[in-house]
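Asks: Work the whole structure out from these sequences, hints included.
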Amino acid sequence: MSIPVAASPDASRDQPHGSGEPSRWVRHWAHLVAPGGAVLDVASGAGRHARFFASLGHPVMALDRDAAALATLADEPRITTFTADIEGAPWPLPESSTFAAIVVTNYLHRPLFPRLLDSLAPGGVLVYETFAKGNESVGKPSNPAFLLAPGELLEVVRGRLRVVAFQDGFLAQPRPAYVQRICAIFEADGPAGTARDALPPSYELAG
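Our numbering puts the first residue of the sequence shown at 12, with every later residue one more than the last.
It is worth saying that the hints were derived from the structure and are not from the lab. Mixed in with the good hints there might be a few duds.
The following label-pair restraints were derived from C-beta to C-beta distances [stated by the list, open to error]:
hint, residue 1, residue 2, range
1, PRO125, ARG38, 32 to 38 Å
2, PRO46, ASP129, 30 to 36 Å
3, PHE93, LEU67, 18 to 24 Å
4, SER66, LYS144, 33 to 39 Å
5, PRO46, PRO185, 28 to 34 Å
All values derive from a computational prediction rather than experimental measurement. Note that the Cβ used here is the ideal one computed from N, Cα and C, for glycine as well.
Replies: Shown next, in the form of C-alpha coordinates:
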(Lines of atoms letter the chains of each structure in order from A and count residues from 1; the text may use other names and numbers.)
(Lines give C-alpha, C1' and ligand atoms only; values in the text may rest on other atoms or scores of the structure.)
Protein backbone atom coordinates (compact mmCIF):
# COMPACT_ATOMS: atom_id res chain seq x y z
CA MET A 1 0.00 0.00 0.00
CA SER A 2 1.33 3.45 -0.87
CA ILE A 3 0.64 6.31 1.52
CA PRO A 4 -0.15 9.71 -0.01
CA VAL A 5 2.22 12.44 1.15
CA ALA A 6 1.97 16.21 0.86
CA ALA A 7 2.90 17.57 -2.53
CA SER A 8 6.32 19.05 -3.18
CA PRO A 9 7.55 21.03 -6.19
CA ASP A 10 10.63 18.81 -6.51
CA ALA A 11 9.17 16.48 -9.08
CA SER A 12 9.02 18.78 -12.10
CA ARG A 13 10.63 17.42 -15.29
CA ASP A 14 10.74 20.85 -16.89
CA GLN A 15 13.35 22.64 -14.76
CA PRO A 16 17.12 22.11 -14.58
CA HIS A 17 18.29 20.32 -11.46
CA GLY A 18 18.46 22.65 -8.48
CA SER A 19 16.35 25.45 -9.99
CA GLY A 20 12.85 26.58 -9.16
CA GLU A 21 11.26 26.92 -5.73
CA PRO A 22 12.78 25.26 -2.65
CA SER A 23 11.29 21.94 -1.65
CA ARG A 24 8.34 22.22 0.70
CA TRP A 25 9.95 19.55 2.88
CA VAL A 26 13.18 21.54 3.18
CA ARG A 27 11.32 24.75 3.99
CA HIS A 28 9.19 22.96 6.57
CA TRP A 29 12.19 21.92 8.66
CA ALA A 30 14.55 24.85 8.09
CA HIS A 31 13.63 26.31 11.49
CA LEU A 32 15.52 23.47 13.19
CA VAL A 33 18.86 24.63 11.80
CA ALA A 34 20.92 26.62 14.31
CA PRO A 35 20.78 30.37 13.53
CA GLY A 36 23.77 31.30 11.41
CA GLY A 37 24.90 27.67 11.18
CA ALA A 38 26.73 26.50 8.08
CA VAL A 39 24.68 24.49 5.56
CA LEU A 40 25.91 21.97 3.00
CA ASP A 41 23.76 21.62 -0.13
CA VAL A 42 24.80 18.31 -1.72
CA ALA A 43 24.31 17.91 -5.48
CA SER A 44 23.01 21.46 -5.37
CA GLY A 45 22.71 22.06 -9.10
CA ALA A 46 21.64 25.67 -9.62
CA GLY A 47 21.23 26.08 -5.87
CA ARG A 48 17.57 26.66 -5.04
CA HIS A 49 18.20 25.40 -1.49
CA ALA A 50 21.54 27.16 -1.20
CA ARG A 51 19.80 30.44 -2.03
CA PHE A 52 16.97 29.67 0.37
CA PHE A 53 19.28 29.09 3.34
CA ALA A 54 21.46 32.06 2.39
CA SER A 55 18.31 34.22 2.51
CA LEU A 56 17.86 33.04 6.11
CA GLY A 57 21.35 34.21 7.03
CA HIS A 58 23.22 30.92 6.77
CA PRO A 59 26.61 30.53 5.12
CA VAL A 60 26.17 27.78 2.53
CA MET A 61 28.50 25.40 0.73
CA ALA A 62 26.97 24.34 -2.61
CA LEU A 63 28.56 21.13 -3.85
CA ASP A 64 28.03 19.79 -7.37
CA ARG A 65 29.96 18.52 -10.41
CA ASP A 66 28.19 20.95 -12.76
CA ALA A 67 30.39 24.04 -12.85
CA ALA A 68 27.95 25.91 -15.09
CA ALA A 69 25.10 25.40 -12.64
CA LEU A 70 27.26 26.52 -9.71
CA ALA A 71 28.32 29.62 -11.66
CA THR A 72 24.74 30.89 -11.42
CA LEU A 73 25.33 31.36 -7.67
CA ALA A 74 28.18 33.83 -8.12
CA ASP A 75 25.93 36.75 -7.17
CA GLU A 76 25.25 35.40 -3.67
CA PRO A 77 27.97 36.38 -1.14
CA ARG A 78 26.82 33.90 1.50
CA ILE A 79 27.25 30.93 -0.84
CA THR A 80 30.58 29.22 -1.50
CA THR A 81 30.58 26.83 -4.45
CA PHE A 82 32.68 23.70 -4.81
CA THR A 83 32.89 21.84 -8.12
CA ALA A 84 33.61 18.15 -7.58
CA ASP A 85 32.69 14.67 -8.72
CA ILE A 86 31.24 13.24 -5.50
CA GLU A 87 30.67 9.81 -7.02
CA GLY A 88 33.86 9.04 -8.92
CA ALA A 89 36.41 10.68 -6.63
CA PRO A 90 37.18 10.92 -2.90
CA TRP A 91 35.05 13.20 -0.74
CA PRO A 92 36.34 16.67 -1.66
CA LEU A 93 35.88 18.50 1.66
CA PRO A 94 38.30 18.33 4.60
CA GLU A 95 37.65 15.53 7.10
CA SER A 96 37.16 18.15 9.80
CA SER A 97 34.35 19.97 7.95
CA THR A 98 31.04 19.81 9.80
CA PHE A 99 27.73 21.53 9.18
CA ALA A 100 24.66 22.64 11.09
CA ALA A 101 22.56 21.19 8.28
CA ILE A 102 23.03 18.93 5.28
CA VAL A 103 20.39 19.08 2.56
CA VAL A 104 19.98 16.55 -0.23
CA THR A 105 17.06 16.45 -2.69
CA ASN A 106 16.44 14.45 -5.87
CA TYR A 107 19.81 12.75 -5.56
CA LEU A 108 20.95 9.33 -4.39
CA HIS A 109 24.44 7.86 -4.18
CA ARG A 110 24.41 5.36 -1.34
CA PRO A 111 28.18 5.27 -0.68
CA LEU A 112 27.89 8.90 0.50
CA PHE A 113 25.59 8.11 3.42
CA PRO A 114 28.35 7.51 6.02
CA ARG A 115 30.21 10.64 4.94
CA LEU A 116 27.08 12.77 5.23
CA LEU A 117 26.35 11.54 8.75
CA ASP A 118 29.97 12.12 9.78
CA SER A 119 29.76 15.68 8.46
CA LEU A 120 26.96 16.75 10.80
CA ALA A 121 27.98 18.94 13.72
CA PRO A 122 26.39 18.23 17.13
CA GLY A 123 22.80 19.38 16.79
CA GLY A 124 23.11 19.21 13.02
CA VAL A 125 20.06 18.50 10.88
CA LEU A 126 19.87 16.10 7.94
CA VAL A 127 17.06 16.95 5.52
CA TYR A 128 16.87 14.37 2.74
CA GLU A 129 14.22 13.89 0.05
CA THR A 130 14.40 11.85 -3.14
CA PHE A 131 12.61 9.27 -5.26
CA ALA A 132 11.61 5.89 -3.88
CA LYS A 133 10.74 2.39 -5.04
CA GLY A 134 7.50 2.49 -7.00
CA ASN A 135 8.57 5.48 -9.08
CA GLU A 136 9.49 3.09 -11.90
CA SER A 137 5.74 2.56 -12.38
CA VAL A 138 5.03 6.25 -13.04
CA GLY A 139 8.13 7.70 -14.69
CA LYS A 140 11.80 8.56 -14.26
CA PRO A 141 14.00 7.78 -12.49
CA SER A 142 13.25 4.08 -12.80
CA ASN A 143 16.69 2.56 -12.19
CA PRO A 144 16.72 0.88 -8.74
CA ALA A 145 20.12 2.48 -8.11
CA PHE A 146 18.33 5.83 -7.87
CA LEU A 147 15.27 4.69 -5.89
CA LEU A 148 15.17 4.31 -2.13
CA ALA A 149 13.90 0.99 -0.78
CA PRO A 150 10.99 1.10 1.70
CA GLY A 151 12.24 2.60 4.96
CA GLU A 152 15.81 2.90 3.66
CA LEU A 153 16.45 6.37 5.08
CA LEU A 154 15.33 5.17 8.50
CA GLU A 155 17.91 2.40 8.33
CA VAL A 156 20.61 4.84 7.23
CA VAL A 157 20.21 7.01 10.34
CA ARG A 158 19.34 4.26 12.82
CA GLY A 159 21.57 4.48 15.89
CA ARG A 160 23.17 7.70 14.64
CA LEU A 161 20.50 10.36 14.39
CA ARG A 162 17.19 11.14 16.07
CA VAL A 163 14.32 11.06 13.58
CA VAL A 164 12.02 14.07 13.80
CA ALA A 165 9.92 13.26 10.73
CA PHE A 166 9.75 10.63 8.01
CA GLN A 167 7.50 10.06 5.00
CA ASP A 168 7.48 7.34 2.37
CA GLY A 169 4.71 7.37 -0.20
CA PHE A 170 3.08 8.65 -3.36
CA LEU A 171 2.68 12.17 -4.74
CA ALA A 172 -0.08 12.86 -7.26
CA GLN A 173 0.97 16.47 -7.97
CA PRO A 174 2.68 18.25 -9.64
CA ARG A 175 3.23 14.92 -11.41
CA PRO A 176 2.96 11.35 -10.13
CA ALA A 177 6.01 10.31 -8.12
CA TYR A 178 7.02 8.05 -5.26
CA VAL A 179 9.20 9.82 -2.71
CA GLN A 180 10.87 9.19 0.61
CA ARG A 181 12.03 11.92 2.94
CA ILE A 182 13.46 12.38 6.39
CA CYS A 183 14.42 15.06 8.86
CA ALA A 184 16.82 13.79 11.53
CA ILE A 185 19.17 15.37 14.05
CA PHE A 186 22.59 14.43 15.41
CA GLU A 187 22.17 14.75 19.16
CA ALA A 188 25.39 15.20 21.11
CA ASP A 189 25.55 14.05 24.71
CA GLY A 190 24.08 16.46 27.24
CA PRO A 191 25.88 18.15 30.16
CA ALA A 192 27.88 15.98 32.57
CA GLY A 193 27.71 12.99 30.28
CA THR A 194 23.91 12.78 30.14
CA ALA A 195 23.01 10.23 27.48
CA ARG A 196 21.22 11.82 24.55
CA ASP A 197 18.49 9.18 24.73
CA ALA A 198 17.58 10.48 28.19
CA LEU A 199 17.01 14.03 27.03
CA PRO A 200 13.41 15.14 26.45
CA PRO A 201 12.28 16.17 22.95
CA SER A 202 13.20 19.76 22.21
CA TYR A 203 12.33 20.21 18.55
CA GLU A 204 9.53 22.49 17.48
CA LEU A 205 7.28 20.66 15.04
CA ALA A 206 6.09 23.15 12.45
CA GLY A 207 2.37 22.99 11.76
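Asks: Could you run down the list of hints and mark each one as holding or not?
Replies: Hints and how they fare:
For the pair PRO125 and ARG38, the supplied restraint of 32 to 38 Å is violated, since their beta-carbon distance comes to about 27 Å. Between PRO46 and ASP129 the C-beta distance comes to about 23 Å, which lies outside the given range of 30 to 36 Å. Against the hinted window of 18 to 24 Å, the Cβ-Cβ separation of PHE93 and LEU67 comes to about 20 Å, which satisfies the hint. Taking 33 to 39 Å as the suggested C-beta distance range, the pair SER66 and LYS144 conforms, at roughly 34 Å.
Between PRO46 and PRO185 the beta carbon distance is about 32 Å. The supplied range of 28 to 34 Å therefore holds.
Violation of the numbered hints given earlier is confined to hints 1 and 2; the remaining hints are satisfied by the structure.
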